[in-house]
Amino acid sequence: MNPYILAILLFGLGLGTTITFASSHWLLAWMGLEMNTLAIIPLMAQHHHPRAVEATTKYFLTQATAAATLLFASVTNAWLTGQWEIQQITHPLPSTMITLALALKIGLAPLHAWLPEVLQGLDLTTGLILSTWQKLAPFALILQLQPSSSMLLIILGLTSTLIGGWGGLNQTQLRKILAYSSIAHLGWMILVLQFSPSITLLTLLTYFIMTFSTFLVFKLNESTNINTLATSWAKAPALTALMPLILLSLGGLPPLTGFMPKWLILQELTKQGLAPTATLAALSALLSLYFYLRLSYAMTLTISPNNLTGSTPWRLPSTQLTYPLATSTAMTICLLPLTPAISALLTS
Numbered sequence: 001m002n003p004y005i006l007a008i009l010l011f012g013l014g015l016g017t018t019i020t021f022a023s024s025h026w027l028l029a030w031m032g033l034e035m036n037t038l039a040i041i042p043l044m045a046q047h048h049h050p051r052a053v054e055a056t057t058k059y060f061l062t063q064a065t066a067a068a069t070l071l072f073a074s075v076t077n078a079w080l081t082g083q084w085e086i087q088q089i090t091h092p093l094p095s096t097m098i099t100l101a102l103a104l105k106i107g108l109a110p111l112h113a114w115l116p117e118v119l120q121g122l123d124l125t126t127g128l129i130l131s132t133w134q135k136l137a138p139f140a141l142i143l144q145l146q147p148s149s150s151m152l153l154i155i156l157g158l159t160s161t162l163i164g165g166w167g168g169l170n171q172t173q174l175r176k177i178l179a180y181s182s183i184a185h186l187g188w189m190i191l192v193l194q195f196s197p198s199i200t201l202l203t204l205l206t207y208f209i210m211t212f213s214t215f216l217v218f219k220l221n222e223s224t225n226i227n228t229l230a231t232s233w234a235k236a237p238a239l240t241a242l243m244p245l246i247l248l249s250l251g252g253l254p255p256l257t258g259f260m261p262k263w264l265i266l267q268e269l270t271k272q273g274l275a276p277t278a279t280l281a282a283l284s285a286l287l288s289l290y291f292y293l294r295l296s297y298a299m300t301l302t303i304s305p306n307n308l309t310g311s312t313p314w315r316l317p318s319t320q321l322t323y324p325l326a327t328s329t330a331m332t333i334c335l336l337p338l339t340p341a342i343s344a345l346l347t348s
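Residue numbers for the sequence shown follow the UniProt record's numbering, beginning at 1 and rising by one.
Be careful, since some hints might not be right.
Unchecked claim - List of simulated lysine-lysine pairs, DSS-like, C-alpha gap at most 30 Å:
| id | residue 1 | residue 2 |
| --- | --- | --- |
| 1 | Lys176 | Lys58 |
| 2 | Lys219 | Lys262 |
| 3 | Lys235 | Lys262 |
| 4 | Lys219 | Lys58 |
| 5 | Lys176 | Lys235 |
| 6 | Lys235 | Lys219 |
| 7 | Lys262 | Lys176 |
In case anyone wonders, no lab produced these hints; they're calculated from the structure.
Starting from the given sequences, assemble the full structure and let the hints guide the process.
Rendered as structure tokens:
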């Protein structure tokens with residue numbers, strides 16, 4: 001892609017998100033979301049491949065549906081209450097519709113079916129943007145919607161954690177596994193959203209760091225399915241040794257960074273008298289942990305099959321920058337000891 005066009009599209013992505021962040025009026029927020037969608041579509045379709053075009057079409061239709069629902073709900077709210085302010089959603093009907101529209105935008109279960117299919121059709125770089133940056137603008141709106149229907153958020157959160165764990169069990173494609181991982185993490189964020197928005201933001205940030213590391217490792221190894229992971233030891237042995245730690249951090253095992261948000265969320269849910277919800281969420285994390293362990297096993301404990309499909313790739317020097325990967329990997333593995341300091345910052 002032409003670097004000037006790429007720069008314009010990335011600027012459009014940034015501008016769309018910034019407009020949504022800065023807006024207090026529903027029309028402006030909707031405009032920001034639309035700019036976001038329109039800016040990423042050429043990035044998704046840049047490889048003229050049927051899978052990429054199919055993924056782009058699915059993404060466009062889903063986002064257009066969510067945006068139309070959002071616009072309809074905000075107009076309904078203005079009609080019922082005379083208010084266009086984002087924080088003035090008082091009527092339960094537009095509030096529920098907007099929550100569901102934003103859930104469809106970010107891919108919360110049960111409105112998640114598009115996310116694995118779309119991510120599977122993209123290259124890893126665009127997939128990384130879709131899994132991280134594209135979640136920011138809708139999340140900013142969900143945070144401002146409070147207090148919306150508390151039961152709805154808990155149901156969305158629990159369904160997402162369960163489906164995110166369940167859906168990834170049978171997958172062999174790494175991008176689909178990462179899509180289900182994304183759904184499960186979003187479920188955790190939505191569960192605690194109404195009780196502690198600061199913990200939600202912390203979870204979002206740690207999820208971004210961990211996903212960034214995972215995508216960059218797969219990009220460095222040029223891996224798109226589990227079979228090709230087994231050949232990665234020949235390319236980057238040190239990184240292959242660190243990769244299980246990144247994956248287990250995504251799964252939320254102590255003493256890694258990913259344990260921190262889960263720990264704080266379970267603590268907060270228990271404080272709010274939602275022990276059964278916390279128990280279900282913790283059990284659903286075991287499902288996710290299984291497929292992260294499966295990836296770790298494939299990567300470090302198996303010898304690659306010597307048939308044509310799993311043949312060892314050429315060990316060409318990579319052109320990818322490794323400083324971002326080194327930084328994010330260190331953060332993915334080592335931030336747990338800072339939990340008391342972060343907790344103090346969150347409560348202050």
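Status of the hints after comparison with the structure:
no. : hint            : result
1   : Lys176 / Lys58  : 15 Å, holds
2   : Lys219 / Lys262 : 27 Å, holds
3   : Lys235 / Lys262 : 33 Å, violated
4   : Lys219 / Lys58  : 24 Å, holds
5   : Lys176 / Lys235 : 23 Å, holds
6   : Lys235 / Lys219 : 12 Å, holds
7   : Lys262 / Lys176 : 22 Å, holds
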